[in-house]
Amino acid sequence: MKTCLVVDDSRVIRKVARRILENLQFEVLEAADGQEALDACKAAMPNAVLLDWNMPVMDGITFLKHLRKEQGGKDPIVVFCTTENDLSHITEALTEGASEYIMKPFDGDILEAKFQEVGLI
Amino acid sequence: MTPEDIEHLAALLKARSGLILGADKTYLIESRLAPIARKEGFANVAGLLTSLRTRRDEKIIHAVVDAMTTNETFFFRDKTPFDQFKSDVLPVFAKSRVSGDIKVWCAACSTGQEPYSLAMMMDEARAQYPRMNLDITATDISERCLEKAQAGLYTQFEVQRGLPITMMVKNFEKVDEMWRISPKMRQAVKFRKMNLLDDLRGLGRLDVIYCRNVLIYFDLETKKRVLEQMATMLADDGYLFLGAAETVLGITDAFKPLSGMRGMYVKNMAANASLRPSMPLRAAGAA
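Protein sequences, first through last, are from chains A and B.
One point on numbering: in UniProt numbering, the residue at position 29 of the first sequence is 29, and numbering is uninterrupted.
One point on numbering: in UniProt numbering, the residue at position 270 of the second sequence is 270, and numbering is uninterrupted.
One thing to keep in mind: the hints can contain errors.
Said to hold, decoys possible - Label pairs and their computed distance ranges (CB to CB): (1) A:Lys65 - B:Lys193: 44 to 52 Å; (2) B:Lys25 - A:Glu27: 37 to 45 Å; (3) B:Arg201 - A:Glu92: 48 to 56 Å; (4) A:Ile121 - B:Pro35: 50 to 58 Å; (5) B:Arg192 - A:Glu92: 35 to 43 Å; (6) A:Asp39 - B:Lys39: 54 to 62 Å.
To be verified - According to the in silico footprint, chain B covers these stretches of chain A (three or more CB under 8 Å from chain B): (7) 20–26; (8) 78–89; (9) 96–106.
Claimed, not checked - Taking lysine-lysine and the DSSO-like style, the derived pairs with C-alpha atoms no more than 30 Å apart in a straight line are: (10) B:Lys170 - A:Lys65; (11) A:Lys104 - B:Lys256; (12) B:Lys79 - A:Lys74; (13) B:Lys256 - B:Lys193; (14) A:Lys65 - B:Lys174; (15) A:Lys104 - B:Lys193; (16) B:Lys79 - A:Lys104; (17) B:Lys223 - A:Lys74; (18) B:Lys174 - A:Lys104; (19) B:Lys79 - A:Lys2; (20) B:Lys170 - A:Lys69.
Keep in mind the hints are simulated off the structure, nothing from the lab.
Note that beta-carbon positions come from the ideal geometry of N, C-alpha and C, so glycine has one too.
So that you can see chain B by itself, here it is in the shape it has in the complex:
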């Protein structure tokens, strides 16, 4: 792998997905791209990288971007964001949303464990909130991940990570050596391909956004742009959930942390008033 090849790959990833390739990622590149190099008939990863520069084959570019994104996820990851939804978000919306509909967006949902966890959580809370309905849209840049999410088919290893056994028994059926989530849960989540660098407003007005462990892969400017666009889409009394190690501090003042609620953010109304007219977008030439 030449430094030029790696530099070109880094530029390509940033332009296509926002992903920042850190220094010294030779091992990551090698391990993630070796299967594609093999499949496409290149002698090695270096050959694949060189062809990325010279041939610009869209199919291969797609496969490379897909393989370089991190898809690590599991059911009820970190637990707290789901507990908070049940104990702090639902009671508030039970009063403020007369229709009972709450619109939730899981941004960068990977293989679907996060939206399905929310759907299962809501199903458990149904007795307490009979009129509430979660309208969950889950998006990701990776078609490979979305296919798996839509199929709702998980390995034994995946259903054991974070999923309480009673919920597994209730919501999954065994299909050979895999576990498939119930049609009821599959119907509760709409999956859609979406790049966070693009115009996100097609999702409409949202009550809750989960965007966990995604922004860490972006540079400061991209983080800011994505967060500020989310602020314009979120209802004024809505909630944003970020990953446990993430923050808006030092990035944008469109959101402010909710005191005592780790990972939960609300809109900073004063800042949003000035933000709205000049929302930065890729289409407007921001990057």
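Bound conformation, chain A alone:
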């Protein structure tokens, strides 16, 4: 079973994403900010990270930059999932090594299609 770390400061969003991902046969882990996510990744690298941008303590893009410097940190496939929907944010995310980008609001169809696009499903 593949693992996906859901990183979002909203408990509701984490719950929605968890339900969708579990239906897609993922084992789901949760983190409420970038620092928590980084700690979780250091403990065990997930196959995928669904990543919010704006969060307290450490935001998504800072987490991604740190993650890619960790040992084995280039392996997880990172998919952003954020309300930031302008080209400059999207381009920055792709430059830093995100594979896909979901603009909120999202639904199960979009998440599934994006995960298919990057070969996670």
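Using the hints, position chain B against chain A.
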């Protein structure tokens, strides 16, 4: 809604668009036509339907036919038909089409995602096929859909369905809360209003036809007529793409499935030789 009203609507839809209104479609009628009933000042959908029978207002008839057609589509829908174009159609035509021009028709293109997906796919393949050029014509019966397709303006929801983010970044710009496809892609597709029940031959000779998830709404005779007309327009070495759940089997032998290629069909040359002289057309009184 009286059974007579529904019967009249069904006959009108079939005559105007080929669309077959299945049994028990009261909910569909209600939800699709309520906005028109409101806009035209009828008390309810039943009132609109009654007036269709008694007044024969062409403007309202148009709006009703338009609203009853299904326009569901998204970028790179089903993915396979686009992968097949790149991996199986392009290499063949790269050898057989000396001019480099490939004429493609997207029949019933709705809001334009299918032709634009082909244009973007070709743009990605440009480095590998520098001399190839897709001449894409996309047609639909719905003016409302064609206007949107031509504007190339899509919601955030629409650009997220099926479109890889790198292609979105490359080919779209954000306009307020919408996303507009680039002028380069808009120029790569010619949109045109066309009813599949009419004479289609004005499109000329075609190398590839995409006609996906359209024929499912037609009855057997209409399917046959449309497919056989397409066979006369398609180059002998051309390709027809149908929807994943569609087939020509049991409808016509003008086409045969391409083995191992789901949804792809080629002309059945033996059958086409006998087909040509008596091509059925609406104008010739076939229906």
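Evaluation of the provided hints:
1. A:Lys65 - B:Lys193: 44 to 52 Å: Check passed, 51 Å falls within 44 to 52 Å.
2. B:Lys25 - A:Glu27: 37 to 45 Å: 43 Å, holds
3. B:Arg201 - A:Glu92: 48 to 56 Å: Cβ of B:Arg201 to Cβ of A:Glu92: about 51 Å, so the range 48 to 56 Å holds.
4. A:Ile121 - B:Pro35: 50 to 58 Å: 37 Å, violated
5. B:Arg192 - A:Glu92: 35 to 43 Å: Since the Cβ atoms of B:Arg192 and A:Glu92 sit about 40 Å apart, the hinted range of 35 to 43 Å holds.
6. A:Asp39 - B:Lys39: 54 to 62 Å: 57 Å, holds
7. 20–26: Result for this restraint: violated, n = 0.
8. 78–89: holds (count 3)
9. 96–106: holds (count 5)
10. B:Lys170 - A:Lys65: 23 Å, holds
11. A:Lys104 - B:Lys256: 44 Å, violated
12. B:Lys79 - A:Lys74: 28 Å, holds
13. B:Lys256 - B:Lys193: 28 Å, holds
14. A:Lys65 - B:Lys174: 26 Å, holds
15. A:Lys104 - B:Lys193: Violated. A:Lys104 to B:Lys193 sits at ~35 Å, over the 30 Å cutoff.
16. B:Lys79 - A:Lys104: Holds, at about 23 Å.
17. B:Lys223 - A:Lys74: Roughly 52 Å separates the two Cα atoms, so the pair is violated.
18. B:Lys174 - A:Lys104: This hinted pair holds, its Cα atoms lying about 15 Å apart.
19. B:Lys79 - A:Lys2: It holds: about 24 Å lies between the C-alpha atoms, which stays within 30 Å.
20. B:Lys170 - A:Lys69: 28 Å, holds
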